[in-house]
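2 protein chains.
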Amino acid sequence: MRNTMVLFAFLLAGCNLKEKQTVLETSTNDPLSSWQEGPTKQAIIDFVTNTTKEGSVGFIPPADRIACFDNDGTLWSEQPLYFQFAFALDQIKVLAPQHPEWKNEQPFKALLEGDMNTALAGGEKALFEIVMATHSGITTEEFDNTVIDWMTTATHPKTGKHYNEMIFQPMVELLSYLRANGYKTFIVSGGGVDFMRPWVEHVYGIPPDQVVGSSVKLKYDTLNGRPVLIKLPEINFIDDKQGKPVGIHQHIGKRPVFTAGNSDGDYEMLQWTTTATGYPRFGMIVHHTDSVREWAYDRDSQIGRLERGLKDAAIYNWKIADMKRDWKKIYPD
Amino acid sequence: MRNTMVLFAFLLAGCNLKEKQTVLETSTNDPLSSWQEGPTKQAIIDFVTNTTKEGSVGFIPPADRIACFDNDGTLWSEQPLYFQFAFALDQIKVLAPQHPEWKNEQPFKALLEGDMNTALAGGEKALFEIVMATHSGITTEEFDNTVIDWMTTATHPKTGKHYNEMIFQPMVELLSYLRANGYKTFIVSGGGVDFMRPWVEHVYGIPPDQVVGSSVKLKYDTLNGRPVLIKLPEINFIDDKQGKPVGIHQHIGKRPVFTAGNSDGDYEMLQWTTTATGYPRFGMIVHHTDSVREWAYDRDSQIGRLERGLKDAAIYNWKIADMKRDWKKIYPD
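Those sequence lines, one after another, are chains Z and P. First residue of the first sequence? That's 2 in our numbering, and the numbers climb one at a time after it. First residue of the second sequence? That's 2 in our numbering, and the numbers climb one at a time after it.
Stretch by stretch, here's where chain Z covers chain P in the computed footprint (C-beta under 8 angstroms, at least three residues): (1) 220-231; (2) 248-257.
Only some residues are given here: those of chain Z computed to face chain P with a beta carbon under 10 angstroms: (3) Pro208; (4) Pro209; (5) Tyr221; (6) Lys245; (7) Val247; (8) Gln272.
No wet-lab data here; the hints were simulated from the structure. None of these values were measured; they are calculated from a predicted model. Every residue gets a Cβ at the ideal spot worked out from N, C-alpha and C, and that includes glycine.
Please take these sequences and the hints and turn them into a complete structure.
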């Protein structure tokens, strides 16, 4: 079950597209105008003010202002399926004509017949095959284009929005607010790094090299006389749970001072951030409590399960961003 | 032999220290004042001017101005041994009291007796044991401190300088010049990423998250109630040869437009950079031609071997920075 969830996690991540700037220009002078006044918003402002004021006890030099954000469920929605998994399912249909054998092979046969239960009955192995069929055997450039094409065309079954319109406006404001105060913002997601990079720069203002995620191994090769990188059907790194502090160290090389997540997949990243000494640290959990404007789920959810995080939030002083209570709006207009 | 060299490469990388600012303030208005006037310097200036002038045919938007630099032999010296290997050898002596068994075990016995030939007679296996004995079984924080301690105390056998004083002043100027023109500068080195990060920010102006290098696997664990990352005796990634384009993609996620290297370990990185389409590209090879002020070596050297790069430089239009001819000075004063 846990490995299955890891693989699920690997399947998925944020979403928004190059051609479209969905980040709102706020019409007020409040950089966090989509946040309700209250303790969560105040805690954010107090932390940033304290850590950026020269001479303050909690001052953090700009070079150490490292802020890490989970993506799925933290910067955008993740229900009813991680969006990267929706991408993978759509890609199976796109690729089917090139794979006549799929008509007789599970999990592809069931997927193509729209029978999700049978397809996923194969558990971890079935998930692995779906991921690898859609995320390998292709050059990195071709994969980029595939992701961008999907983002411009696919729509979410519940909202009818493009997936790239389902980012969280309050979090986009938080990213901008941190950067305006000298913080360097990173995504640290269980989702595939190659799935996120084609669009995150435009949507979140986070350049590709500041995205840490799961990945497959790559092979440097030559195709029609041109050097290419081929995505191999072999996992390179799973950036989830204990993997998040590992990914942070391997990629960023510094311990964050600010971290936001939403599920138990972010527990170790939050712990790694907020148990460090020397500087003030800020940990935040986005709690999905709004069944009307978004979704409400935590301890019992297969997607974005949040159990340990809620239990231990008080111990570590992690702030809860309660979507229903703390956010004036969910998505950009 | 090749694997041995890969392991050698893994052992080593750049060097300079936190407490000491060795980057020279230039006293002229020429940002490349340590470069002799001539075709190499002119090619650099022409490229940067052309790619940063709005409206120019070769204009590159700031987000795509990615510049990658090898470290050993490109940003600092690497003779007579990669500096990270000198660090490893010194660490064997430091760690010996905790390892009484080394008195009877090769390659440690020979190393402790100063008999390098016998120590290295064990080939790849001996090298692997030296690396892992000094680069694993330790937390990432402890390793950082060890590197910094070594940098402040160790000196180079030929120059008597601290290793952190043997960076190349013309290259430091080039890094600054590129950044002043909106380029984001990265190190992409076969050396260990954890060996480079504690000091590169101060010396080269390159923050830790913009350093791509070789690494061991890490384990997230708890030590005396504190979360730690333990460096494991298992290679995670070798950032050399074909590994360099792979490391660039996994870490940076964009194809560079500017790359500098000095050895055949940089061949694929140069090729990956300069065969890309869409923008102008610049590839440069630092050629070690100055036996008086530094070292002179290329095709026949075990360290920093440069054979394919010289042979194919004209095909790919890679510029040669000839140290003797093109550099007014080698090290900062």
